[in-house]
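Visitor: Given next are the chains, with one letter for each unit.
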Amino acid sequence: MINNIITKGKAMANNNGRRDFMGKALGGFTALGGLGALYAMKRTWDPLPSVKAAGFTTLNMKEYKEGQLVTEKWRGKPIFVLKQTPATIEKLKKEKPDDLKRLIKVGDAHYTVCIGLCTHLGCIPGFRPEEQDFLCACHGGMYDITAQVTKAPPPRGLDIPPFRIDGEKLVLGEEGPEYKKMLEDGITMPV
Amino acid sequence: MKELKILGVVVVFTLILYWGVEPFAHSQMHKHVEGHDFKYPDLPALKVKGNAENGKALVAACVGCHSIKSQGMAAPMDAVTSAQTYGVNPPDLSNMGALLDEKFFAHFLLDPAKVTKSKHFAMPPSAGSEQDAADIVAYFKSIAPKEISPKEAYETACGRCHANRYDHWTQIGEVPKTKSNIKTGVDLDALAFKKKVGIYENKLADYMGKLPPDLSIIIRARSEQFLETFVEDPQSQLPGTAMPRVGLTKEGYEKVKAYLEKTGDPSKPKREELGPWVIGYFVLFAFLAFLWKKSIWKGHH
Amino acid sequence: MAHFDENARPFSHKWLNERLAVDTLKRVLSTEYWIPKNINFLWAMGMVLAATFGLLLISGIFLLMYYQPNTQLAFDSVNYTIMSEVGYGWLWRHIHGVGASVVFLIIYIHMFTGIYYGSYKRGRELIWLSGMLLFVLFSAEAFSGYMLPWGQMSYWAGMVITNLFSMGGLHLNGLVEWIRGDYVPGQAFLNRFFMLHVLLVPLAIIGVIVLHFGTLRIPHVNNQDGEEIDFEEAAELYKAGKIKESKVIPFNPVFLSKDVFVMGVYFVIFFYLVFYHFEFAMDPVNFDPANPLKTPTHIYPEWYFLWSYEVLRPFSTNIGLIAFAFAQVIFFLLPFLDRSPNVAPASRRGLFKYWFWALLIDMIILTFMGKLPPEGIWSTIGLVAALTFFGLWIALPIITSKEKKL
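Residue numbers (numbering that gives the first Met the number 0), protein chains in the order written: chain W, 0 to 190; chain L, 0 to 300; chain F, 0 to 405.
None of these hints come from the bench; they were simulated from the model. Keep in mind that a hint or two might mislead.
[Said to hold, decoys possible] To give an idea of the interface, some chain L residues facing chain W are shown, with a C-beta separation under 8 Å as derived from the structure: (1) Leu16; (2) Gly19; (3) Phe23; (4) Ile278; (5) Val282; (6) Phe284; (7) Ser294; (8) Ile295.
[What the hints assert, rightly or not] For lysine to any residue, the following SDA-like pairs were computed, each having C-alpha atoms within a straight-line distance of at most 20 Å: (9) L:Lys4 <-> F:Leu63; (10) L:Lys269 <-> W:Met40; (11) L:Lys4 <-> F:Gly113; (12) W:Lys76 <-> W:Leu134.
Cβ coordinates follow ideal geometry from the N, Cα and C atoms, glycine included.
Put together the whole structure using the sequences plus the hints.
Guide: So this is what it looks like as structure tokens:
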């Protein structure tokens with residue numbers, strides 16, 4: 000530190016050094032201003048508040064019928080909502096109890112609510128009511144009735160959007176305790 | 000120093016140019032109109048004191064057209080039907096006591112068309128005597144809220160004629176949040192609301208002669224002086240205009256102005272906050288540049 | 000045949016020199032580009048213009064991210080989205096609006112500096128002509144840009160200026176409609192002026208700036224006395240270390256260091272205007288959305304067009320158009336109308352001194368009258384000032400041919 004100051008002092012005594020020092024000081028200060036400008040530019044690029052505010056969708060869970068897949072919209076993306084039948088729940092309890100953790104309980108019913116975009120490359124998988132599964136036409140990926148992946152290439156089940164249970168309603172875009180638990184348990188990943 | 004002399008010449012000519020093109024030219028184009036600080040000197044002072052109890056009884060007559068939401072009295076008709084009947088939707092009276100000048104309010108009740116300086120005014124004289132008028136005003140003052148927000152002031156004083164799209168305000172209320180049909184993208188609720196606004200605006204434009212402008216950005220489209228004198232007395236700035244004199248107090252006007260600044264110039268506080276930093280940066284920059292220049296030029300002179 | 004050393008390390012100094020002649024470029028354009036020492040701060044106006052143009056470009060880029068060139072959406076895309084929703088959108092808008100106005104102040108200072116010191120003669124004619132071409136291009140850029148917010152001034156300025164092309168008595172209404180793409184300024188008009196403002200004119204400006212710099216290189220920059228300097232001799236002196244005796248300085252770093260200081264002072268003033276004093280550049284009338292059925296009570300162009308506007312106004316349609324055309328073109332002819340060979344500051348050029356100040360004051364008066372309502376005494380003064388303008392240019396060849404050789 001002291002050596003640095005001595006060196007700078009010696010440089011100042013010699014005019015060329017002073018020139019260089021002032022030049023560097025000015026250059027550094029200019030760069031500082033440049034950083035400020037870059038920050039403002041980055042903020043201009045940010046999504047607008049009205050876009051971010053539109054990022055909440057409320058679903059009225061009473062509207063859905065058992066076994067019928069309905070596609071809603073959240074943040075421009077398709078959302079699969081499927082009210083599971085009691086028969087499906089029983090089947091899952093016996094054969095794939097882990098899948099039950101993927102379901103959302105609202106009132107007395109269980110729902111599959113997930114983003115309808117294949118976790119492979121983003122196509123919308125098709126629901127097959129007879130087979131009770133999902134098949135993605137792009138590369139042949141398959142998911143079961145709770146949208147858990149059953150056949151490659153998708154790396155994981157369909158993602159579950161952040162949600163908060165509000166009585167009989169589900170608010171997508173907000174993180175309720177049930178969603179936070181799903182994240183902790185590794186049931187789904189943050190979107 | 001020669002260079003300072005040259006700088007002086009450039010600065011003087013620039014300032015002369017600025018003066019001629021801006022303050023001078025504008026003073027010639029817009030004659031100065033003197034305001035009266037919302038004191039309404041053309042109206043004589045009231046000779047009686049109002050009694051709120053008596054006023055309450057008299058106010059029963061008002062509810063035939065007006066709502067008083069704060070007292071649980073709803074309007075007899077919805078906004079659009081009112082407009083189709085009267086030309087405009089009669090305002091809710093809950094906040095009138097907080098916004099209107101007492102003297103103005105009383106004289107207004109005695110002869111609405113004359114006091115508002117309107118060519119035609121849908122509301123008939125609504126008080127039989129100066130005492131009655133003072134009593135009614137006293138009543139409205141008694142139910143007036145202690146604090147009124149800029150937005151409420153705008154909605155009460157201006158909002159039935161002037162929309163403010165930047166704050167999602169239409170003459171019949173805030174634009175509701177609606178959802179479109181996911182299969183077709185058709186948003187029937189939004190369309191229904193737009194239709195209602197359209198019917199209202201058509202009727203209003205017939206009644207007023209033209210549609211009162213949206214005031215979203217009026218704060219940047221007119222000078223401070225113009226807006227203040229215009230709201231105090233529209234005829235003083237635009238003779239023959241259909242806009243009625245509203246009768247705001249000075250405080251009432253300041254509240255409305257605050258709302259107009261919020262919708263029309265929301266970046267003002269940010270500008271005033273960042274300004275000193277950016278200018279300060281360049282002052283320091285110029286200083287450092289001067290030092291660098293001096294060190295580079297050493298020995299050249 | 001260029002020689003390439005295969006042992007040179009890629010991207011080293013030697014390697015780059017073999018491929019791009021970086022050392023030569025540096026010498027010719029920077030460290031051995033000689034500028035006379037006998038200059039003042041007005042010589043920095045060129046750089047100030049380049050910096051302002053840069054600010055306009057950058058602020059323009061960010062405005063372009065959110066602007067909607069649609070007659071229904073344009074006004075609110077600027078006055079709502081950009082001004083209140085976009086992070087720092089208001090800052091780019093203010094920089095762009097103030098910059099567009101201030102750039103013309105600097106252009107006029109730069110132009111009049113050139114006229115005063117005779118920097119349009121003796122080898123510098125092309126610098127002057129390319130500079131005037133830049134003035135025309137900047138005018139086109141300013142006009143097309145002003146259309147974009149689609150306010151009342153935008154619309155009516157568009158209406159009035161395109162009507163000029165009917166050429167008065169020739170009634171070329173078809174041409175006017177062709178320019179607009181419609182009977183009145185509408186969607187087609189807005190879109191094509193958007194194209195001009197964002198792509199075509201900026202490209203042309205950049206090209207002509209390069210030309211302007213190119214035309215400057217050989218004749219070199221002028222000096223306060225108009226002295227013809229032997230740049231080779233002065234350069235040798237400087238390189239020998241006799242920096243005090245030499246009449247020149249290198250562009251980089253000596254001239255540049257003064258430039259940067261002047262720019263620093265300029266930016267203090269510029270940003271003061273951006274943050275606190277911008278109505279001269281962002282006229283309230285344009286904050287009323289365009290209304291094809293109502294002309295504003297007071298209609299006027301931006302301040303830098305006012306002198307031109309006033310030259311046209313006092314006369315009947317056809318004469319006005321001719322006068323207007325004359326005013327646009329006459330400045331290009333300056334190098335050829337000035338018949339004197341003297342390259343010297345106006346103060347030493349006899350009658351030309353009076354000519355210079357008369358022209359400057361006359362143009363300021365024209366500017367004032369262009370803004371004032373065309374009534375009463377203002378009309379009269381405007382007419383006299385317009386006639387004086389023509390008189391001055393007609394007198395120029397006469398008084399300069401009589402000028403004593405210095």
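Visitor: Each hint should be assessed against the structure and marked as holding or not.
Guide: Okay, the hints, checked on the actual structure:
Restraint check, Leu16 (chain L) versus chain W: the minimum CB separation of about 30 Å is more than 8 Å; hint violated. Taken as an interface hint, Gly19 (chain L) does not check out: its beta carbon lies about 35 Å from the nearest beta carbon of chain W, beyond 8 Å. Taking 8 Å as the C-beta contact cut-off toward chain W, the hint placing Phe23 (chain L) at the interface is violated, the least distance being around 36 Å. Interface restraint check: Ile278 (chain L) against chain W, minimum CB-CB distance 12 Å, threshold 8 Å, status violated.
Here the hint on Val282 (chain L) is broken, as its CB sits about 12 Å from the closest CB of chain W, past 8 Å. Using the Cβ-Cβ criterion of 8 Å, the hint placing Phe284 (chain L) at the interface with chain W is satisfied: the shortest such distance is roughly 6 Å. Satisfaction of the interface hint for Ser294 (chain L) is found here, the shortest Cβ-Cβ separation to chain W being roughly 5 Å, below the 8 Å cut-off. Hint on Ile295 (chain L) holds. Least Cβ distance to chain W is approximately 6 Å, under the 8 Å limit.
Proposed proximity of Lys4 (chain L) and Leu63 (chain F) is contradicted: the alpha carbons are some 42 Å apart, above 20 Å. A hinted pair counts as satisfied when its Cα atoms are at most 20 Å apart, and Lys269 (chain L) with Met40 (chain W) qualifies at roughly 16 Å. With a C-alpha separation of about 18 Å, the suggested pairing of Lys4 (chain L) with Gly113 (chain F) holds against the 20 Å cut-off. A threshold of 20 Å between alpha carbons decides the hint, and for Lys76 (chain W) with Leu134 (chain W) the separation of about 18 Å falls inside it, so the pair holds.
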